[in-house]
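Whole structure, please, built from the sequences with the hints as guidance.
Going down the list, the sequences are from chains A and B.
When you line the first sequence up against the numbering used here, it's residues 1 to 326, in that order.
When you line the second sequence up against the numbering used here, it's residues 1 to 712, in that order.
I should point out that these hints are in silico values taken from the structure, not numbers from a laboratory.
Just so you know, even glycine gets a beta-carbon here, dropped at the ideal spot from N, CA and C.
In the DSS-like style, the derived pairs of lysine-lysine whose C-alpha atoms are separated by at most 30 angstroms in a straight line are:
| # | chain 1 | residue 1 | chain 2 | residue 2 |
| --- | --- | --- | --- | --- |
| 1 | B | LYS176 | B | LYS589 |
| 2 | B | LYS665 | A | LYS325 |
| 3 | B | LYS596 | A | LYS192 |
| 4 | B | LYS654 | A | LYS199 |
| 5 | A | LYS186 | B | LYS200 |
| 6 | A | LYS301 | B | LYS654 |
| 7 | B | LYS530 | B | LYS596 |
| 8 | A | LYS285 | B | LYS484 |
| 9 | A | LYS285 | B | LYS200 |
| 10 | A | LYS301 | B | LYS666 |
| 11 | B | LYS649 | A | LYS199 |
| 12 | A | LYS325 | B | LYS654 |
| 13 | A | LYS191 | B | LYS596 |
| 14 | B | LYS471 | B | LYS622 |
| 15 | B | LYS589 | A | LYS285 |
| 16 | B | LYS589 | B | LYS484 |
| 17 | A | LYS186 | B | LYS654 |
| 18 | B | LYS530 | B | LYS508 |
| 19 | B | LYS649 | A | LYS191 |
| 20 | A | LYS186 | B | LYS206 |
| 21 | A | LYS191 | B | LYS200 |
Listed next, the stretches of chain B that the computed footprint assigns to chain A, with coverage defined by at least 3 CB atoms under 8 angstroms from CB atoms of chain A:
| # | segment |
| --- | --- |
| 22 | 650-656 |
| 23 | 669-679 |
Computed from the model, here is a short list of chain B residues facing chain A with C-beta under 8 angstroms:
| # | residue |
| --- | --- |
| 24 | LEU595 |
| 25 | CYS660 |
| 26 | TRP664 |
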Amino acid sequence: MRPILMKGHERPLTFLKYNRDGDLLFSCAKDHTPTVWFADNGERLGTYRGHNGAVWCCDVSRNSMLLITGSADQTAKLWNVQTGSQLFSFNFDSPARAVDFSVGDKLAVITTDPFMGLPSAIHVKRIAQDPSEQTGESVLTIKGPQGRINRTVWGPLNKTIISAGEDAVVRIWDSETGKLLKESDKETGHKKTVTSLSKFADGSHFLTGSLDKSAKLWDIRLLTLIKTYVTERPVNAVAMSPLLDHVVLGGGQDASAVTTTDHRAGKFEAKFFDKILQEEIGGVKGHFGPINALAFNPDGKSFSSGGEDGYVRLHHFDPDYFHIKI
Amino acid sequence: MVMEEILETASRLGIDLSQVDLDSLRLPPGEDFGIKSDDEDMNEEYPLEFDMGFGNIIVVDNLPVVPKEKFEKLEGVVRKIYGQIGVIKEDGFWMPVDPATQKTLGQCFIEYNTPREAELAREKTHNYKLDKSHVFAINMFDDIEKFLKVPDEWAPPETKPYTPGENLQQWLTDEKARDQFVVRSGSDTEVLWNDARHLKPDPVYKRAFWTESFVQWSPLGTYLATVHRQGTAVWGGATTFKQLMRYAHSQVKLIDFSPGERFLVTYSSHEPSNPRDTHRVVLNIFDVKTGKVMRDFKGNADEFVVGGTGGVTGVSWPVFRWGGGKDDKYFARIGKNVISVYETETFTLIGKKSIKVENIMDFSWSPTDPILALFVPELGGGNQPARVSLIQIPGKEEMRQKNLFSVSDCQMYWQSNGDYLAVKVDRYTKTKRSTYTGFELFRIKERDIPIEVLELENKNDKIIAFAWEPKGHRFAVIHGDSPKPDVSFYSMRTTHNTGRVSKLTTLKGKQANALYWSPAGRYIILAGLKGFNGQLEFYNVDELETMGVAEHFSATDIEWDPTGRYVATSVTSIHEMENGFNIWSFNGKLLYRILKDHFFQFLWRPRPPSFLSPEKEEEIFKNLKKYSKKYEAEDQDVSLLLSEQDREKRRRLKDEWDSCVNDWKKWHEEDRSERQSLRDGEASDEEEEYEAKEVEVEELLDVSEEVLAFEE
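Next comes the structure, spelled out in C-alpha cells:
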C-alpha cells in the first residue's frame, strides 16, 4: 500500500472529511485555508479562502453543494463547494470549533469554545435552501459544560445532539429543548479529554478517542458503552471502516513532548483494531508527527490521515487488506 | 468491628442504615464503646515532634564537685568544651549548687539552640576524660524521665508461650512451580505470579502506598522490604503479605540485606545544620529476625567516602560489603588507606584492627569464600606498581599478589561460585594519551592460584561490558566501537584445553551494550539498551547460535527470573511513554505484555539455592525427557483449554455484537420513513441507490505487425 502524499497545508492538519460520494476529500488545518482534493488521486481541487484563524472542523452537505467550516477566528462559514465562494458567515464571540449538518442538511450544529469568561456553547442554526436568505439566528443555544467541546454530531433523526470534549464526558442533549438527556458514566467512560468523535455510516453508533490512550464505542441512542480499544498513545483521531469491522485510531505523543531522538518513540501510527474482538490488527506508519485527523472513504476502500507534520496521506488498501483474518 | 456485625446490630435495633450518615455520628469524649480505634496505632507509629521539647538540653554528670570560689573557673572550663560543639543558648547554662554546702553537685545542664547540636555534644563528649577521676556522663534531658521509670529491682521477663510462625517460604511450594515478582507503578505496589502458561500475571497481593520510596526482596526471597520515613519494614507470610518486623531508622534512604538474610543495613544521610559542614550519615545494622540493632555507625559523610575522591554525597552503596558466602560471617568497608573487616559474632573488627593498605582504591569479596580482592593504584609516579592482591580472612594472609604497570583503572569481576576472578585492567599506552584493556584471570580454586593474561585480538578495542556465566566457566565480552561492537565468548576450560582460556567465538557487529546471562547459565541476552532502543538477542552459548531476536522499544531494565526460564524487560518512568513490562521465554518468544503508567520497579522474587546436589542435577539433565513428560502433558492441557476459552470468548463477543447490530438495523428500519421526510423525500439511505458493477472496457491502443525471422 503506497500512500499518496498530499502537501498543501503549511500547518498541522485538524480535520478530514469525505463527501458522501467519496470522490472529494475536504481537509482543515491550522493554516486558515480549508482545501478540497480529489479523493482518488490526491490532486488538489481548490481552497476556501476567507478564514482568519485555524480551521478546526468542517462538514459537507449530502449533495456536496454546501461546506460548513468552524474556525478560531470566531466564525463558522458556509461555502459553495463548487466555486469556493463564501456564502455566509456565522459570527460568534468566541472561537468556533465543531460543526455538523443534520440529516436533510436543514440544520447545522456549531460549538464555540469557552473564551474570556464565556462558557462553551452549542448553537443550532437553520440552513436556508437559498443562501441569500440565510440568517445568523440561532434556533437553539445550549450552554455547554466546563471546558472545550471538541466534537459534536447529530443523533438519529436530528432528535438529539451528541457532544464530547475536555471534561471527558460524552453527553446527549435534546435538540428541541436543549435539555441534557444522558451523560456517560464516570467510571467506565473516558478519563481524559475526548479529542475526536466519529459516527458510523448508518448513524447507529459512534466512536470516541481520548487522550487517556483509549477509544470507546457507544450506542448512539442509549449511550451504552459497547467496546473499548486500548492503545499506547493518546488518541487524537478515530475512524470506522464502513465496509469491514475495523476501527482506526490515530494519535501519538503530544507534539510538544515529542522526543528528538527517534520517530518510533512517538508512535505516530494509524492503528487498526478489530472492531468486535478489540484486538490490534496492524498499523500504518508514515507521519513525522502525531496524527490529528482520520477519515474513511465511504466505500471503505481507502482512508486518509492528516498529521501534525502538515501532510495528508491518502491510502488505497491493497487487495490483501480485505481478507485479513485474525 | 466487621461491617456484617454492624448490619446485624442495626437490623436488630430496627435502624435503616442507609438513612444514617455515619460520618455525622459523634461519640462522647473518652468513650469508645469497647471498639479500639485504629488511630491510636497511628499515633504510636508517628510520634509527634513538639516544638517545645527539651531535646536540645543535655545533662552532664561526673563534673568535679567544687566550692563556691571555684564555681566560675569550672563554668569557664565546661563552657569552653561545649561552646565548641554548638552555640549554647543565653541562660542556657545551669550548674545547680547544694544550698547546704554551697558546693556544686557535680552536674550541669546545657541548653543548645537545636536538638542536633545537643545530640552531637552527647556523642562527642560522652566518656570525655576531664581528668583521671572525672569522666563525663552525658544524657539527654528528655531521657532522664525514661531512666527514672526503670524499676529498681530486676524482675524476670515473662516467657511468652511459643507460637509457631508461618511458613515464610510457602511460595516455593507452588504447584505450578511459578515464580513471583513485585511491580511498583504510580502509588500501587503489587506482587504477582508469573503465570506464563496462561500468558498473564496472576495477582497475589496489592497495596497502595505500601512503600514511600522503593521495595526490595531479601536475597533469598523470604522478605519484601518497604522503606518509610520512620524506617524499614519487612513483609512476608504463607499466603499473603503481613508485616513481620519494623526497623526504626528515621529518614532511611538505602537498605541492604546480608546475602544470608540474617542482617539488614540501613543508611541515612542528614543535611548539616551548618552549610560548611559535611553531611552526617547514620548506618544501622539490624538482626532481621529479632529487629535488634546489632551495631550502629555514625559520622561525617567523608569518612564513608570510598577511594579518596568523591563529593559530599559520594558514598558508594553498599558501604558495607558482605563476605564469606551465605553464612554472613564478615562484612567490610573501605576507608582512607584501610579496609575494616568486621565479624558478626561480636560485631567488632577482626583482630581489633583494620587492615592497613596504603592508597587502597577498591575491594571486593569472593561470593562464596572469605577472600578479599583489593586493588591499589600506582604510587609515586609509577615507581611503585599498582597491584591486585587476594587476602584470606580472618587470617589476613595475602594469598596471591599481582603487580601491574602503567595502570589507569581496574575492575574486578568474580564468577558466582568464586572459582575465578577476572580483573579488567586499563593501561596507558606508551604516549600516555590513550588506554587499552587487558584481563588478568585468577583461578582461585587451583593450587597456587595461577594467573593468566588475556588480551583481545585488537588491543585497542574498548570494553563495553563483561559478564561471567553464573556457576559456569565461560564469560562474554562486548568490545569494539559503539555503533556496532563485537561480542566474544571465552571459556576457562575446554575439553582439550583445561588449563588455559580459549576463545569460543566472536559475533561481529552486534547492536548490544549489556550482557544478561541466564542464572542457570548456557543462555545469554545481548541487549542494546539506551542508545540502541531495546534490541534483544537471545543466544545459546552451548550451541553458539542465536535463538531469537526481538525488540522492546526503549527498554531500560532486563531481569531473568531466578530459574532462568523467563525474562522480564521493562520500561520504567525514566521514559515518559511505553511504561510497563514484557515477559519473554528464555528463547526470545514474547509471552505477554503489560502496560502501566509511571512504572518504577520490576523485581523477581529470588529463590534460595537448590537443594539438589550437582550429581542429581546432572542426572535430571540427562534424563530430562522422562521428567518433562508430566509437564508437557500439563502444558498441552492448558493450551487446549486456552484455545477453547479463546474460541468461546470470540464466539461470545461475536454474538453480542450481532445482537447489537440487529437492534441497530431494526431501529434504522423503523426510522426510515421519518428520515426520508427529513430529506424531502429523497429515497435512498445508503447503498441501495448505487451498486458497484464491474465493467470491463477494452480499448484498442495500437496494432502493429512485425516479421519475425524463423530459424531452423
